[in-house]
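Engineer: Quick note, the sequences are listed as chains H and R, same order.
With this note's numbering, letter number 215 in the first sequence gets 215, and the count goes up by one each step, no holes.
With this note's numbering, letter number 114 in the second sequence gets 449, and the count goes up by one each step, no holes.
Hint data in this document are derived by calculation from the structure and do not stem from the laboratory.
All of these numbers come straight from a predicted model, not from anything done at the bench.
Where hints are given, some of them may not hold.
The calculated SDA-like cross-link candidates involving lysine to any residue, where the alpha carbons are at most 20 Å apart (straight line), are [as the list claims (entries may be wrong)]:
1) H/Lys91 to R/Gln502
2) H/Lys91 to R/Asp487
3) H/Lys178 to R/Pro500
4) H/Lys131 to R/Pro500
5) H/Lys178 to H/Asp194
6) H/Lys91 to R/Ala388
7) H/Lys131 to R/Leu511
8) H/Lys131 to R/Trp513
9) H/Lys91 to R/His506
10) H/Lys91 to R/Val408
The chain contents come next:
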Amino acid sequence: MASVSLERLRKSHPGAPDALRELSLEIEDGEFVSLVGPSGCGKSTTLNLIAGLDEPTSGMVRIGGAPVNGLSPAERDVAMVFQSYALYPHKDVRGNLAFPLQLARLPRAEIDRRVAETAGLLGIAPLLTRKPRELSGGQRQRVALGRALVRKPRVFLFDEPLSNLDAGLRAQLRGELKRLHAALRATFVYVTHDQAEAMTLSDRIAVLRTGELQQVGAPREIYDRPANRFVAEFFGTPRINVVPGRVLGVPGGEVGIRPEHLEILAAPAAGALEGTVELAELTGAETWVTVTVGAEQLVARAAAEFAARPGERIWVRPLPGRILRFDASGDLRRT
Amino acid sequence: MKRALAVAAVLSFFLGPLAWQALTSIWPEAELTRPLPRSLTLSSYAGLGGTFARAVLSSLVVAAGTTAVSLAVGASAAFAIAKLDFPGRRLLLGGALAISMFPPIATVGPLYLVLRAVGLRDSLAGLVLPYTTFALPLTLWLLTSFFQELPDELYRAARVDGCTPWQAFLHVFLPLSWPALATSAILVFIFSWNELLYALTFLSTPTKRTVPVAIALFAGEHVEPWGQIAAASVVATLPLAILTLLFQRRIVSGLTAGAVKE
C-alpha cells in the first residue's frame, strides 16, 4: 500500500494541445480517488503516467514517497484494470491470473496458492479452466480484477472498468468494488466519465477538463459546493439549472439551482416564481417537471404523484441557501 | 447448367496447364506428338535421378531458411511498428515497400558483387540473404496490419503485468498471431521455392542448384527432355500444393484479418 503524489504533471504531444497541464494531486495511502471528466480531459493520460505506460513531459510522479519517473510499470508495483478487460485470449482464467506472478518469478506453489485465494475471493474458482471467450462480460471483468488483485500491488488503477457492462451488472460490480476497497484498504485510482459512478465509489473526486484540474474534494463537497459552472453541470442528473441571476432575484452573473432544490407549489407564496408546466417526466420514484419561467426553463423535482398537465400554471420556490452564484468567468462566488 | 459451364471454364483455365504438365510427365517420350499414347509410363520420374533430388533438398533448405529468417525478423519488427511508440515508424514501412519495388534484374549485378565480397557467392546462405530482403516487406506489412488489429490495451495490460516489450511480444502477441504467421510463411516459402534469377546467377556448383535452376538446365544442346521437365515440375509443385491446402483456412483468415469487425 502506498500514497500517490502527482507534482505539476504536464503531458504534451507534438502538434496537439497539451493533454495535461500542470496537474498536482495528492492521493493518500488507502484512499479511493476517482478522476472524472468528459472524454479528452486527461484522466486516462494521468492514469497512464501513474502506471508508467507513458512518461510525463515534465513533472514528477511519486509512489509511496519515492519518485518513479522512468521506472517500468513492473518496477512501480501497480496493477491496472482495463475497460476492454484486456484478458489474454490464448490463456485460460488460471493462466491469466498466474501470468503476472510467473513474470515476477514466484515459486510454483506460491503462484497456485495465490491464484486459488484470489479466485475464491472473487467467486471465479469454477471458471479457472475456461478461456476468456467462454466467459460473460461480468465474469471477464472479475477475472481482470483478479489479475490485478493476485499481485498484491501497492496501487490499483482502474480505467473505466465498468463501462462495457450493462446497467444491472454495473451496479452489482460497483458494490463489489466498494466492498473490495473496504476489505483491502488499498490505494485505488479510478478513472470514469460516469459522474454517478464516481459519486458512489469515491472517498474523493478529482474533476478534470481539457487537461486541467477543476476541483478535488469529497463527493458531497463536489456536489454541494462545485468550484465552477462546469463541475456543477457535470454532476447530477437531471442537470443543475443555470439561469441569469435576475430570474431568481440575484443581481448580476449567473446562478445555479439543482432540480431537487426547487420546491413546487400550487399557489403563489413569498419568493416563489410563477411559471407554466412545459413537461412532466415520471421516472417511477419521482417526476421531473420542466417549468417555463419568463424566457427561461427550469427543471424541478416533484413527487411521483405530481399530476399537473402541460400548460398549467404553477409556482416554484428555491430552497433557502441552495442557490449557487457564479461570477462572469463561471467560478463559484464565495459569499 | 450455365453455372456449371462457367465453373468448368474457370477450372480448366487454372488447372489446364497443370493437368497438361502432369499428363506430359507420364506420357512416353517418343509418343509426345501423338494425340493419345499407347501406354503410360513413370520412366520420366525414374530418370530424374539423384541430381534432381539434391536440387529439391537445396530448394527446401533455401526456402525454409528464408521463411524462418523472414518470420523471425518480420514478426518482431512488425510488432515494434504496430505497438511501440518510436519515431519513423511510417518511414520504416514505406521504406520496406520501396525496397520491394526494385526489379530483381536491376539488383542482380550489384548483389553478385556484394555476395562475392562477403564470400557468400555459390552458397545457399547467399540465396537466403537476398531472398529475405525481398520477402521481408511482404511479411512486415502483413504482420504489422495484423498486430495493429490486436487491441492496444492488451499490450498495456502485459506491460503492467510486468512484461518487458520483448516479453509482451513473446508471451502475448506471438501466440495470438498464428494465422498471420502461417499466411506469411506460405507466401514467403512459395516465393523462395520458385525464384530462378538469383539462384541461376549466384550458384555455380551443380550440386547446390535449386529446383527452378535444375529444371531450366535440363534442356541440353540438342534435346529438350519434355517428359523429365514435366516430371520435375510436378515434383516441384506438389509440396507447395500440399502445404497450401493444409493451411488454406489459415491463409484466408490471415489475409482478411481485420477486414471486418469481429
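Engineer: Does valine 408 of chain R lie within 20 Å of lysine 91 of chain H when you go C-alpha to C-alpha?
Structural biologist: violated, 25 Å
Engineer: For lysine 91 of chain H and aspartate 487 of chain R, compute the direct alpha-carbon distance and say whether it is at most 20 Å.
Structural biologist: Holds: lysine 91 of chain H and aspartate 487 of chain R sit about 18 Å apart, inside 20 Å.
Engineer: Are the Cα atoms of lysine 91 of chain H and alanine 388 of chain R separated by 20 Å or less?
Structural biologist: Violated. Lysine 91 of chain H to alanine 388 of chain R sits at ~43 Å, over the 20 Å cutoff.
Engineer: For lysine 178 of chain H and proline 500 of chain R, compute the direct alpha-carbon distance and say whether it is at most 20 Å.
Structural biologist: violated, 33 Å
Engineer: Between lysine 91 of chain H and histidine 506 of chain R, is the straight-line Cα distance small enough, at 20 Å or below?
Structural biologist: Measuring from Cα to Cα gives roughly 10 Å; hence the hint holds.
Engineer: Does tryptophan 513 of chain R sit within 20 Å of lysine 131 of chain H, going by the straight-line distance between their CA atoms?
Structural biologist: holds, 17 Å
Engineer: Hey, lysine 131 of chain H versus proline 500 of chain R, does the alpha-carbon distance stay inside 20 Å?
Structural biologist: Measuring from Cα to Cα gives roughly 24 Å; hence the hint is violated.
Engineer: Check whether the Cα positions of lysine 178 of chain H and aspartate 194 of chain H lie no farther apart than 20 Å.
Structural biologist: holds, 16 Å
Engineer: With the threshold set at 20 Å, check whether the alpha-carbon distance from lysine 91 of chain H to glutamine 502 of chain R stays at or below it.
Structural biologist: holds, 15 Å
Engineer: Mind checking the alpha carbons of lysine 131 of chain H and leucine 511 of chain R for me, to see if they're no more than 20 Å apart?
Structural biologist: holds, 13 Å
Hints 3, 4, 6 and 10 from the earlier list are contradicted by this structure; the remaining hints agree with it.
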